[in-house]
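Trainee: Model the full assembly from the supplied sequences, consistent with the hints where possible.
Going down the list, the sequences are from chains D and F. Under numbering that gives the first Met the number 0, the first residue of the first sequence carries the number 0, and numbering increases by one thereafter. Under numbering that gives the first Met the number 0, the first residue of the second sequence carries the number 0, and numbering increases by one thereafter.
Hint data in this document are derived by calculation from the structure and do not stem from the laboratory. In this text, all values refer to a predicted model and were calculated from it rather than measured experimentally. Treat the hints with caution; some may be incorrect.
To be verified - Chain D regions said to be covered by chain F (calculated; three or more residues, Cβ under 8 Å): (1) 94 to 103; (2) 124 to 138; (3) 162 to 171.
Stated by the list, open to error - Selected chain F positions facing chain D (in silico; Cβ < 7 Å): (4) ARG39; (5) ASN53; (6) SER54; (7) ARG56; (8) SER142; (9) ASN143; (10) GLU148.
Beta carbons are placed, not taken as given, at the ideal position from N, Cα and C, and that holds for glycine.
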Amino acid sequence: MLSDSFLDAVDAILLERNQSRIEYIIEENEKENIFSQDFYRQRTYDQLSIPKLRLVDLVGKIKVDGTEPSFEETVSNKEASIMEHFEQRIFKKLIFPVSWEKDGISKPNLEAKKNAFNICRKLFESYGLLPDKILASKEEGIFISYDFIDDNCNRSLIIETYNDCETAAIVCNNSRKEIVLSEDICDLSFNNVIRLFKEANC
Amino acid sequence: MLLDSLKKLIVKNRFLARAIRHKHCPADFYLTDNFYRGFRKEELDPGTDKLCANSIRFPDFSCNWNRFSKPADVRFRENGLPSDGCYSFTVENARYKEMATTCHAPIFKNYAHVEVRQLLPNEDVLIEPPKGRKLKKEREGWSNSKKMEYRQNIIYHLIIEIEPTA
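Mentor: Okay, structure coming up:
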């Protein structure tokens, strides 16, 4: 964990450069070309939903000793932080509405959570995708949503993994309000849905 | 003949239908009829304050028919709260790709109560599937992805009638 004084120092430097933390991170990432360019360009600080400290942590790991870590170290640090972020959101910070509990709906079990984590990891590692929403589902599982927005099109990939270990996915064209593909997923095989999600003709 | 005419009269007259607690069949719904369903603020996506498909359970989809109720009536359902919100969708949305149909199922304190019930692949939307029937497996023409598609379609077409306040 970084100290408050260090965080203050980081803020002071960024203030001096008239630059926000997120701009700084975009710049760093573009320099290193670690993530797909679409990713940071599309998402604002808040949309990322990553806790502020975690983002600063990413910056901190680059600058903490005043020494430049190797490219591999930087990538590894960032990936570890992203995995930690998934873990936090799925295992620790998942909100389950009280009213659903009263209605007799089961909370996501450990299997569903593990599946959800594996899905997030797989889609991040294989396709560079970060989820926009991770929520509990009334269908007794976990709901994960990825959004893609550009000038012409707005589409989503929604994945649900259930307490009975099954997984389903749909690709939606939000502009046209239509579902392009719905598919049950076996063995974390997302090739079809990702292809349509990335290439859907709007 | 006389019986048919009497039935048509009952179906068309909402006061008479309610008075004798007539149970309507799926053919009595107009495609433009609306259904009201209650929801809580805690069910909204905290990031966008909008409803997502994760807040819809299907089947087991109970709602109120607009022919016999108003949006705020959802607050008087079992476990309802004065702070609850209400959204609506049409019969046409409920019959998306003929995956399900609407069945009037009046209960003691709620004549407007309607259930959205799943259909088998070859079933017509005008027949009434048995209550409590849950079709899950692929061989019955249903899979989790089909159910999710149905729920997402409801999300696309629903209209928020009342915002939840707490």
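Trainee: Against chain D, run the beta carbon of ARG39(F) and see if the smallest gap drops under 7 Å.
Mentor: Cβ of ARG39(F) sits 5 Å from chain D, so the hint holds.
Trainee: With a cut-off of 8 Å between beta carbons, are at least three residues of the stretch 94 to 103 of chain D near chain F?
Mentor: Three-residue rule met by the stretch 94 to 103 of chain D, so holds; n is 7.
Trainee: Return the status of the interface hint for SER54(F): holds when the least beta-carbon distance to chain D is below 7 Å, violated otherwise.
Mentor: Given a least distance of 6 Å, the restraint on SER54(F) holds.
Trainee: A closest beta-carbon separation below 7 Å is what the hint needs, so does ASN143(F) meet it against chain D?
Mentor: 4 Å, holds
Trainee: Against chain D, run the beta carbon of GLU148(F) and see if the smallest gap drops under 7 Å.
Mentor: Interface hint status for GLU148(F): holds (4 Å vs cutoff 7 Å).
Trainee: Examine the stretch 162 to 171 of chain D for residues whose CB is less than 8 Å from any CB of chain F, and state whether their number is three or more.
Mentor: holds (count 6)
Trainee: When the nearest CB of chain D is found for ASN53(F), is that gap smaller than 7 Å?
Mentor: Hint holds; ASN53(F) Cβ to chain D Cβ min 4 Å, cut 7 Å.
Trainee: Report holds or violated for the interface hint on SER142(F), using the least CB-CB distance to chain D and a cut-off of 7 Å.
Mentor: 5 Å, holds
Trainee: Taking 8 Å as the Cβ threshold, is the statement that the stretch 124 to 138 of chain D is covered by chain F upheld or broken by the three-residue rule?
Mentor: The restraint on the stretch 124 to 138 of chain D holds, since 7 of its residues have a Cβ under 8 Å from chain F and three suffice.
Trainee: Quick check on ARG56(F) please, does its C-beta sit within 7 Å of some C-beta on chain D?
Mentor: 4 Å, holds
Checked against the numbered hints given earlier, the structure satisfies every one of them.
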